[in-house]
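Undergrad: Residue numbers (our numbering), protein chains in the order written: chain A, 1315 to 1579; chain B, 439 to 682.
The set of hints was computed from the structure by calculation and includes no laboratory data. Certain hints may be false.
[As the list claims (entries may be wrong)] Listed next, with one range per pair, are the computed distances between beta-carbon atoms:
no.	chain 1	residue 1	chain 2	residue 2	range
1	B	Glu559	A	Lys1441	55 to 65 Å
2	A	Thr1410	B	Asp500	28 to 38 Å
3	B	His481	A	Ile1400	24 to 34 Å
4	B	Glu505	A	Val1392	33 to 43 Å
5	B	His579	A	Phe1385	50 to 60 Å
6	B	Arg550	A	Arg1499	18 to 28 Å
7	B	Lys613	A	Ser1417	53 to 63 Å
[What the hints assert, rightly or not] To spell it out: a stretch of chain B is covered by chain A in this simulated footprint if at least three of its residues, at any positions, have a beta carbon under 8 Å from a beta carbon of chain A; those stretches are:
no.	segment
8	512-525
9	539-549
10	589-601
This structure is a prediction, so every number in the text was calculated from the model and none was measured. Glycine included, every Cβ here is placed at the ideal spot set by N, Cα and C.
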Amino acid sequence: MPTEGLTWVPSSWPVIICLHQSPVKLEELESDVDTLSEASRQALYLLFTGDPALWTIIGISFAVSLRAVIFAAPAALVCAFLLAYIQFPGRRLAITLFNTALSIPAVVVGLTLYMLLSRVGPLGDLKLLFTQDAMVIGQMILCFPILVAMGHAALQATDRRLWETALTLGATPIRAFLTVIHETRFGLTAALVAGFGRIIAEVGSSMMVGGNILNHTRNIPTAIALETSRGSFAQGIALGLVLLLLSLALNLTLSSIQGKGEVIP
Amino acid sequence: MTEMTLDPWLTLWKLSFSRGDRIILRDISLSIRPGDLTLLTGHNGAGKTTLLRILSGLLPPDYAELEYHGSKHPYDRQSRSFLRRNTCYLHQQPYLFDATVFDNIAYGLRRRGLCKQDITERIKTALQATDLEYLAQRHSHQLSGGEQQRVAMVRAWILSPQLMLLDEPVANMDKPSRRKGLSLINHMRRDGIAVILSSHDPQHGELEITRHLHLYQGSMAIKEQQELAPNPGIVTVNHRFPSP
Ligand SMILES: Nc1ncnc2c1ncn2[C@@H]1O[C@H](COP(=O)(O)OP(=O)(O)OP(=O)(O)O)[C@@H](O)[C@H]1O
Ligand SMILES: [Mg+2]
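Using the sequences and the accompanying hints, generate a full structural model.
TA: Here you go:
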């Protein structure tokens, strides 16, 4: 049912409708809760047997979120660098704004983007609504402030002599910038991981501008929302497990990287 | 050949620098010739670091004029980039990149686009000349303060800049390292590099100092080599360029 997503995404408030779309009767819910362990068992089965529907959803999640982080990172790095290294009027205000932007709810980003991209919106001609590209844009907006704020914190902590040393040894400013980035790689990796962590599990924006279309824009969080509303918990749990495992893997990687960076005997 | 007949590589005119309403350097003029070894002294806070940073193009002054390539220039972007390309500033506490000693020293050579083999060779020679070979593959975090200073000095020296600006280069060193450090500085001078080194300790017996600048309350007193008190460490003018 490839158009299923479209049927329950209305023009104004998809999430609410989504939860009402296939109401779960109370008796059903109780019996489902009884079989929660059964659902978990089924979930593991789905995961490890490589259930194609499940893995398509996981693939979409990764494709979208990785693209979002990769596209947002260069501009965010430059912003973070400017905030940390260049004195300009309004710098403190800009830092405050980025820190505030950290807590913008995903649904607000989704709603705003939805209005911009919808057929009657100012960017409607781009025909981006309910595409992966729209999800990527939403997630870029969501992870940008994290990348800037954490990147800024990491760069602010670097030694000013690093920049000067690079310059005095003959590096061009651009090359010196790259050297600073390289020296700050652990902190900046942490920023990337945090940014990715924020958007991989984000449901509000993806749901609104992606539309939760099967095999196209249905990612892990929107699928969980849908499966749960339908009462089919096994898929939901399986996907939740994937998110958990992912988070574990990311943090293990990060702490091992940072562990290496810390060795100063 | 006396140093008076050598054309200055760079002349600085009317340099002034202030922070807020505090004047730190006032109307300083100075010319720099290849092979000069200038000792810059002054109290803590006299402005030694400030002057060296301005000369290296890292810190723009309030006002200064520069004369190089036979013409006068304001201290603008172009002049700053000229200074950055032709001078090397060594911090009072040097910064070493998070990498091996070899990679640290290679940094500047790589920026000059030298080929790999050439870089390796030059670094080997430089480390041999300074008795630091044993550190080549050591990570910069695993060096003592004195070793860090010597590595940073080699990293700057290997670029043979026109002007070397050393900010208290031997301050963290013990006697043997200090001797090696000072001899490296003499070596730089003999290579025809103009060296300015700051210190609040005027006792640098082994250094072949040709000029002594003293900063006091923003102004500068200059003693040329001839006027310097007899000092066994100072070479006579005739010996200034031993064949390399
Ligand atoms: N970023 C800054 N803001 C304000 N004042 C500064 C700044 N940096 C240096 N100064 C002041 O400028 C003056 C000169 O400093 P500078 O570092 O050049 O002294 P110095 O001669 O190198 O001293 P030291 O022997 O302690 O290294 C000092 O009085 C210092 O307080
Ligand atoms: Mg100083």
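Undergrad: Each hint should be assessed against the structure and marked as holding or not.
TA: Here's how the hints hold up against the structure:
1. B/Glu559 to A/Lys1441: 55 to 65 Å: Holds, at about 60 Å.
2. A/Thr1410 to B/Asp500: 28 to 38 Å: With Cβ atoms ~31 Å apart, the hint holds.
3. B/His481 to A/Ile1400: 24 to 34 Å: Holds, since B/His481 and A/Ile1400 (Cβ atoms, about 32 Å apart) stay within the stated range.
4. B/Glu505 to A/Val1392: 33 to 43 Å: holds (37 Å)
5. B/His579 to A/Phe1385: 50 to 60 Å: 34 Å Cβ-Cβ, so the 50 to 60 Å window is violated.
6. B/Arg550 to A/Arg1499: 18 to 28 Å: With a Cβ separation near 24 Å, B/Arg550 and A/Arg1499 satisfy 18 to 28 Å, so the hint holds.
7. B/Lys613 to A/Ser1417: 53 to 63 Å: With Cβ atoms ~58 Å apart, the hint holds.
8. 512-525: holds (count 3)
9. 539-549: holds (count 3)
10. 589-601: With 3 residues in contact (Cβ-Cβ under 8 Å with chain A), the coverage given for the segment 589-601 of chain B holds.
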